[in-house]
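Number of protein chains: 2
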Amino acid sequence: MAHINANFKNLPASYLFSEIARRVKAYQNQHPSIEVLRLGIGDVTLPLSKTVVTRLHEAVDQQRLIESFRGYAPEVGYDFLKQTIADQDFKKRGVVIEPEEIIISDGAKSDAANIQELFSADAVIAVGDPVYPVYIDSNVMAGRLKNYDAALGRWHDLVYLPMNSSNHFVPALPAAQVDLIYLCYPNNPTGATITKAELQEWVNYANATKAVIIFDAAYERFIKDPSLPHSIYECEGAKTCAIELRSFSKAAGFTGLRLGYCVIPRALILDGTSLLDLWIRRQGSKYNGAPYIIQQAGEAVYSEQGQRETQEAIDFYLDNARLIKDGLASIHLEAYGGDNGPYIWMKNPEGMNSWETFDYLLDKAHVVGTPGSGFGPSGEGYFRLSAFGQRETILKAIQAIKQVF
Amino acid sequence: MAHINANFKNLPASYLFSEIARRVKAYQNQHPSIEVLRLGIGDVTLPLSKTVVTRLHEAVDQQRLIESFRGYAPEVGYDFLKQTIADQDFKKRGVVIEPEEIIISDGAKSDAANIQELFSADAVIAVGDPVYPVYIDSNVMAGRLKNYDAALGRWHDLVYLPMNSSNHFVPALPAAQVDLIYLCYPNNPTGATITKAELQEWVNYANATKAVIIFDAAYERFIKDPSLPHSIYECEGAKTCAIELRSFSKAAGFTGLRLGYCVIPRALILDGTSLLDLWIRRQGSKYNGAPYIIQQAGEAVYSEQGQRETQEAIDFYLDNARLIKDGLASIHLEAYGGDNGPYIWMKNPEGMNSWETFDYLLDKAHVVGTPGSGFGPSGEGYFRLSAFGQRETILKAIQAIKQVF
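Sequence lines, in order, name chains S and C.
267 is the number of the first residue of the first sequence in our numbering; add one for each residue after it.
267 is the number of the first residue of the second sequence in our numbering; add one for each residue after it.
What you were told as hints is all true, and nothing was included just to trick you.
Under the rule of at most 16 angstroms between Cα atoms (straight-line distance), these lysine to aspartate or glutamate pairs were calculated in the EDC-like manner:
#, chain 1, residue 1, chain 2, residue 2
1, S, Lys-552, C, Glu-383
2, C, Lys-316, S, Glu-324
3, C, Lys-275, S, Asp-537
4, S, Lys-275, C, Asp-537
5, C, Lys-275, S, Glu-383
6, C, Lys-462, C, Glu-502
7, S, Lys-316, S, Glu-578
8, S, Lys-476, S, Asp-388
To be clear, the hints were calculated from the coordinates, so they are not data collected in a lab.
Required output: the full structure, derived from the provided sequences and hints.
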């Protein structure tokens with residue numbers, strides 16, 4: 267008799283974004299004539315760039331001809347894309363990453379969820395808190411986290427690394443030993459950044475304790491401050507302790523195309539085994555490569571025109587972020603992030619918790635954001651606003667928020 | 267201190283297709299002027315059809331405009347594709363499958379590898395033998411299979427269901443209790459089929475013992491015999507015991523586009539839990555949906571012209587299969603499959619095992635196939651030839667094989 271993976275039962279019943287969707291839907295059913303302004307989920311709104319679309323058309327045409335048709339892609343990605351990434355994302359910043367250390371995938375969400383498979387079942391997990399839910403949920407399904415306290419909104423077997431305004435959203439090193447550390451900078455959901463010196467401390471800690479850092483750099487393209495690190499490999503010694511995740515989703519509007527990559531340096535050895543080799547084996551056995559046409563589109567992002575267009579889109583979203591932040595400042599609402607990342611992390615108005623803020627903004631201003639508590643215990647007290655909206659939506663939302671405070 | 271997932275260590279060092287690639291490369295280095303004829307890996311060789319390419323271009327253009335741009339897809343797939351599949355793949359054959367029971371993915375390989383996550387760690391696994399390696403490798407990585415006997419080429423903790431010419435490649439029901447049963451028809455690697463009555467026996471067995479069947483129907487489009495079942499849901503009671511995997515790869519040449527789907531009926535309940543709900547949760551947490559443009563391309567396959575073009579490609583490959591089979595028959599080599607599937611399962615020449623046959627054909631005829639033993643213990647004694655090649659390659663290969671026997 268077959269049985270289910272009982273670890274799934276440990277997942278909290280309500281998923282953050284489902285609960286938001288449920289409340290918004292209920293509100294809209296009651297108020298069908300009201301326009302709801304969505305600054306919730308972090309999906310892009312600008313269409314694909316001209317360069318990407320042109321390359322997609324070209325690649326599609328190649329697939330129509332027997333001479334240029336491509337079937338199965340290499341499971342680890344095409345060399346043309348890996349080489350361009352090695353040159354443009356790393357070499358240009360003075361970091362040497364070999365193309366073979368870059369594994370292309372269908373996006374950072376899959377990589378962030380699957381990477382835990384390389385580690386032992388008893389690995390102690392630490393996450394920056396608040397946190398992107400995928401790191402946690404994938405470890406719950408794998409059985410590493412079993413004891414959720416619904417009242418506290420905490421996993422007893424997870425090491426939370428609190429991030430809040432008093433540590434400018436860069437956590438202190440953990441007090442007890444941890445094995446696997448998820449860090450994300452520029453941060454989702456807080457929009458915060460980490461300095462090279464701060465990140466170096468984490469690298470030193472990981473090397474000293476033989477922990478592994480999963481560094482999620484999905485929002486790297488949003489960095490404007492030239493002093494900030496774009497890659498964890500800018501830190502000395504990171505190649506022996508860190509895996510880096512990158513995404514084309516927010517960087518180039520690929521949320522609907524699906525492309526990302528994972529860097530595992532050859533020097534990252536655990537129990538005498540190369541994690542790169544393990545990951546290649548994992549991907550080769552369980553995944554069949556990102557589509558050729560989409561890898562071509564990804565490569566086009568790095569062309570001169572592609573980079574210019576990408577930058578324009580990033581700047582547009584960062585302008586949105588500035589508008590939101592300025593709007594909140596004008597009514598004396600404290601807010602963080604938004605300078606080098608697409609998220610504004612607003613402090614809840616006096617006397618409201620995160621879900622109360624959600625309900626208040628939905629009801630009074632018709633603005634949808636994301637309650638900070640949905641991202642973890644340290645998210646309570648905050649509220650996330652996404653800068654990915656269209657300009658008109660952003661302006662209306664700011665206006666509406668101003669009127670209700 | 268972090269440790270690796272030690273289950274990876276249990277995987278045999280050499281992956282079948284890597285070993286083949288290694289031997290072919292070594293041969294080519296020694297004989298650079300010889301043309302090697304590849305009938306090994308089952309990748310398609312015909313380009314994408316006109317209808318699919320036209321739809322891809324249209325969908326790409328939609329992604330260029332702000333009004334029609336699509337970002338994140340629903341993790342379970344777009345309704346337009348799910349509805350078409352429900353109508354065309356099931357309703358047309360008298361099977362009622364609701365769109366919500368169809369979960370779109372980036373291909374049957376991912377689904378075949380990931381589906382085991384829904385089941386308990388101690389599930390007893392059974393596979394038709396010979397077998398597509400993904401079913402086994404994914405269970406090894408998950409720790410369900412730990413004891414490999416390299417000398418015998420067998421997993422001690424796996425229940426093999428032997429398939430050979432004496433049972434026309436349809437296995438007998440297992441003697442002892444099993445929990446999860448992987449069956450694939452039309453079969454990879456043998457090219458064999460299963461009758462509805464035979465499949466009904468498996469469904470009855472699974473329902474009686476509360477086992478779950480993972481039915482891999484990736485090659486369903488190759489069925490020519492109108493009496494054969496295309497879906498396991500043509501059998502009575504299958505909705506309470508079976509998951510079905512489908513693929514656009516071989517059916518419509520999507521090996522490089524990546525699209526597939528998984529059917530989990532609402533009625534499939536284990537331990538009081540809907541497996542459909544578990545899978546939706548799994549996909550929602552660890553996957554971000556197949557690209558919009560590729561789901562559009564998949565939908566185009568079902569248009570009238572799309573179906574005609576798909577059928578032409580299938581017929582082309584089946585003609586290849588017939589040419590191979592007739593060629594082998596003319597020199598009195600016994601062979602199976604090829605009538606309702608793209609693979610020919612040749613009996614090794616007298617006195618040769620599968621790898622000896624491989625080396626002999628590579629050396630003498632310059633033909634690359636796949637040693638049957640690579641697919642499992644019951645594969646020994648056989649050799650797989652793929653019908654996916656271009657016509658010229660197939661004809662040359664048959665000629666060459668004829669000359670060396």
